[in-house]
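J.: Here are the chains, one letter per residue:
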Amino acid sequence: MFKGLKIIGFAAVIACSVSSQAFAQGEGCIVLKSIAEVEQVTVNAKGEKSTKLVPLAKVVPGVEVTWTITANNICKVPSEKVVINDAVPEHMTYVANSAIGPGSDVEFSVDGKTFAAADQLTVVENGATRKARPDEYKRIRWNFKNSFAPGAQGFGRYRAILN
Amino acid sequence: MLIKQQMRRVRLAVVALALIGAAPSAFAAGTDTNYNTDISNTASVNYSVSGVPQTVINSAPGVGNSVPGAGNGTATTFKVDKRIMFIAEETNGAATVTSPGLTQVVTVFRVTNTSNGAQDFRIAADNIQPPAIIFGRADAFDMSNFTLHISAAACSTAVMATPTFAGEAATTFIGALAEDSCRYVFVRSDTPVSPTAANGLASTIRLVASASTTGSSGATLETESGAADNAAAVDVVFAETGVANGNVINNGVSMAFDQYFVGTLTVTKTAAVISDGFSPVGQYKAIPGAVVEYTISVQNNGLVTSAASLTEIIPANTTYVTGSTTLNGAARADVAGAMPFVGGGAINSPSAASGVINPGSTAAEIAVVRFRVTIN
Numbered sequence: 001m002f003k004g005l006k007i008i009g010f011a012a013v014i015a016c017s018v019s020s021q022a023f024a025q026g027e028g029c030i031v032l033k034s035i036a037e038v039e040q041v042t043v044n045a046k047g048e049k050s051t052k053l054v055p056l057a058k059v060v061p062g063v064e065v066t067w068t069i070t071a072n073n074i075c076k077v078p079s080e081k082v083v084i085n086d087a088v089p090e091h092m093t094y095v096a097n098s099a100i101g102p103g104s105d106v107e108f109s110v111d112g113k114t115f116a117a118a119d120q121l122t123v124v125e126n127g128a129t130r131k132a133r134p135d136e137y138k139r140i141r142w143n144f145k146n147s148f149a150p151g152a153q154g155f156g157r158y159r160a161i162l163n
Numbered sequence: 001m002l003i004k005q006q007m008r009r010v011r012l013a014v015v016a017l018a019l020i021g022a023a024p025s026a027f028a029a030g031t032d033t034n035y036n037t038d039i040s041n042t043a044s045v046n047y048s049v050s051g052v053p054q055t056v057i058n059s060a061p062g063v064g065n066s067v068p069g070a071g072n073g074t075a076t077t078f079k080v081d082k083r084i085m086f087i088a089e090e091t092n093g094a095a096t097v098t099s100p101g102l103t104q105v106v107t108v109f110r111v112t113n114t115s116n117g118a119q120d121f122r123i124a125a126d127n128i129q130p131p132a133i134i135f136g137r138a139d140a141f142d143m144s145n146f147t148l149h150i151s152a153a154a155c156s157t158a159v160m161a162t163p164t165f166a167g168e169a170a171t172t173f174i175g176a177l178a179e180d181s182c183r184y185v186f187v188r189s190d191t192p193v194s195p196t197a198a199n200g201l202a203s204t205i206r207l208v209a210s211a212s213t214t215g216s217s218g219a220t221l222e223t224e225s226g227a228a229d230n231a232a233a234v235d236v237v238f239a240e241t242g243v244a245n246g247n248v249i250n251n252g253v254s255m256a257f258d259q260y261f262v263g264t265l266t267v268t269k270t271a272a273v274i275s276d277g278f279s280p281v282g283q284y285k286a287i288p289g290a291v292v293e294y295t296i297s298v299q300n301n302g303l304v305t306s307a308a309s310l311t312e313i314i315p316a317n318t319t320y321v322t323g324s325t326t327l328n329g330a331a332r333a334d335v336a337g338a339m340p341f342v343g344g345g346a347i348n349s350p351s352a353a354s355g356v357i358n359p360g361s362t363a364a365e366i367a368v369v370r371f372r373v374t375i376n
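These protein sequences, in sequence, are chains A and B. Numbering-wise, the first sequence is residues 1 to 163 according to the working numbering. Numbering-wise, the second sequence is residues 1 to 376 according to the working numbering.
Honestly, the hints are just simulated from the structure, not real lab data.
With a straight-line Cα cutoff of 25 Å, these simulated DSS-like cross-link-like pairs (lysine-lysine) come out:
1. 138(A) to 113(A)
2. 285(B) to 269(B)
3. 113(A) to 131(A)
4. 138(A) to 79(B)
5. 79(B) to 52(A)
6. 81(A) to 145(A)
Taking beta-carbon pairs under 8 Å as the criterion, some of the chain B residues facing chain A (in silico):
7. 37
8. 48
9. 60
Ideal Cβ positions, reconstructed from N, Cα and C, are used throughout, including at glycine.
Assemble the whole structure, with the sequences as input and the hints as a guide.
T.: See below:
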């Protein structure tokens with residue numbers, strides 16, 4: 001006859017204790033920043049162009065704004081299945097082929113519910129299905145393929161024109 | 001016998017002409033975002049830890065946000081700035097006819113605002129000249145006493161018109177001109193007296209429209225802000241594109257030019273010997289007894305006249321041939337046995353009322369008086 005406790009329900013007990021509150025008072029594992037900048041093109045003496053992002057100057061209709069959303073893992077454990085979501089701001093129009101996000105698959109949505117890669121997103125117009133145009137995109141998401149190790153960072157970026 | 005042309009003074013009264021415009025300008029309706037609109041972006045991130053989905057975290061500008069929950073984080077925002085675009089234009093491609101000493105003569109301009117929102121404009125007029133002459137006439141004198149008035153007439157950016165001044169009050173600015181709309185501006189000024197302003201001379205004047213700040217009634221001009229954007233305020237960018245007539249782009253100023261043209265009556269007088277009692281046709285000499293016919297042509301180069309009156313004298317050493325006077329080919333009766341224009345008499349264009357000489361240089365408008373004398 002055995003004396004002692006049989007261990008059951010092990011995994012469930014562990015799962016209950018894992019929550020965002022466990023890592024720090026009121027803090028999650030990701031610091032998320034959203035920054036608006038503009039591209040500045042400079043041409044050097046040899047005529048070579050280089051582009052860098054600089055703070056906004058005047059923003060008037062027609063100006064292209066570069067939005068960069070940065071996610072930093074501030075926990076001591078990996079952040080998995082990181083997905084950055086953004087809406088193209090009201091009064092702005094997405095610039096085709098401008099979305100980048102190293103290490104991620106980028107998807108778009110027109111209705112906010114259906115997401116797909118750029119070449120696969122469709123809309124229905126007058127009963128017919130057609131490919132969605134980039135100027136119709138309303139939402140973008142970056143699905144990162146790998147977990148963020150502690151301290152690791154990833155970002156999503158795109159450009160939009162002010163209407 | 002000398003045949004010469006002479007200028008003679010005649011009395012005239014003038015009436016302003018209404019000119020019809022014909023210079024359409026088309027502007028697309030604005031769908032651009034108005035200044036002061038807030039542009040706002042809040043991104044979010046979903047993630048898991050050890051296989052367990054975590055509460056969403058929203059973004060913040062600057063150092064970012066790590067407090068989970070849909071109610072946390074801060075939108076990244078900036079205000080849409082002012083892109084000031086506008087143009088001042090002359091309306092009908094022609095000078096306004098005036099006459100010496102005529103005051104408060106009207107020229108018409110149009111100011112159109114295509115900024116991304118309503119904008120005030122200071123307006124002013126002066127005698128500054130464009131880089132090249134307009135309407136093919138050099139500037140010969142200055143106008144004075146400029147006043148500006150905004151027409152109450154409807155203004156369409158699709159069709160250019162030239163409305164009539166209707167007594168609108170003088171002003172120095174256009175207040176809150178809505179996006180993609182326009183106003184007609186009357187410039188009134190005084191013509192100098194003769195001979196500064198004389199038949200055939202022109203004066204070119206300038207209208208300047210400058211973007212001015214809201215509520216300053218044209219007193220304070222808009223200025224472009226410094227380099228960096230102030231996300232919380234509406235900055236200013238000058239973006240007007242006109243380069244005609246010496247305009248400079250992107251400086252918050254648009255100029256247009258118009259012209260006043262002095263038209264008066266010109267009188268020409270010729271004399272011809274039409275018989276001398278001896279010589280064959282065409283070889284008449286001015287000898288005693290010869291008959292001379294005078295032809296006086298009065299042409300109106302300016303504004304419609306009324307009460308035009310011709311005064312003539314019978315030259316010394318000649319005798320008037322009674323009953324020989326005609327106006328526009330029709331007999332004009334002698335007055336008290338004398339040539340009817342000796343004491344001054346009304347003249348007119350053919351088919352016009354007495355005293356009215358219509359502007360124009362064809363036979364339909366020119367008043368022609370003829371009379372004959374014999375050489376004593």
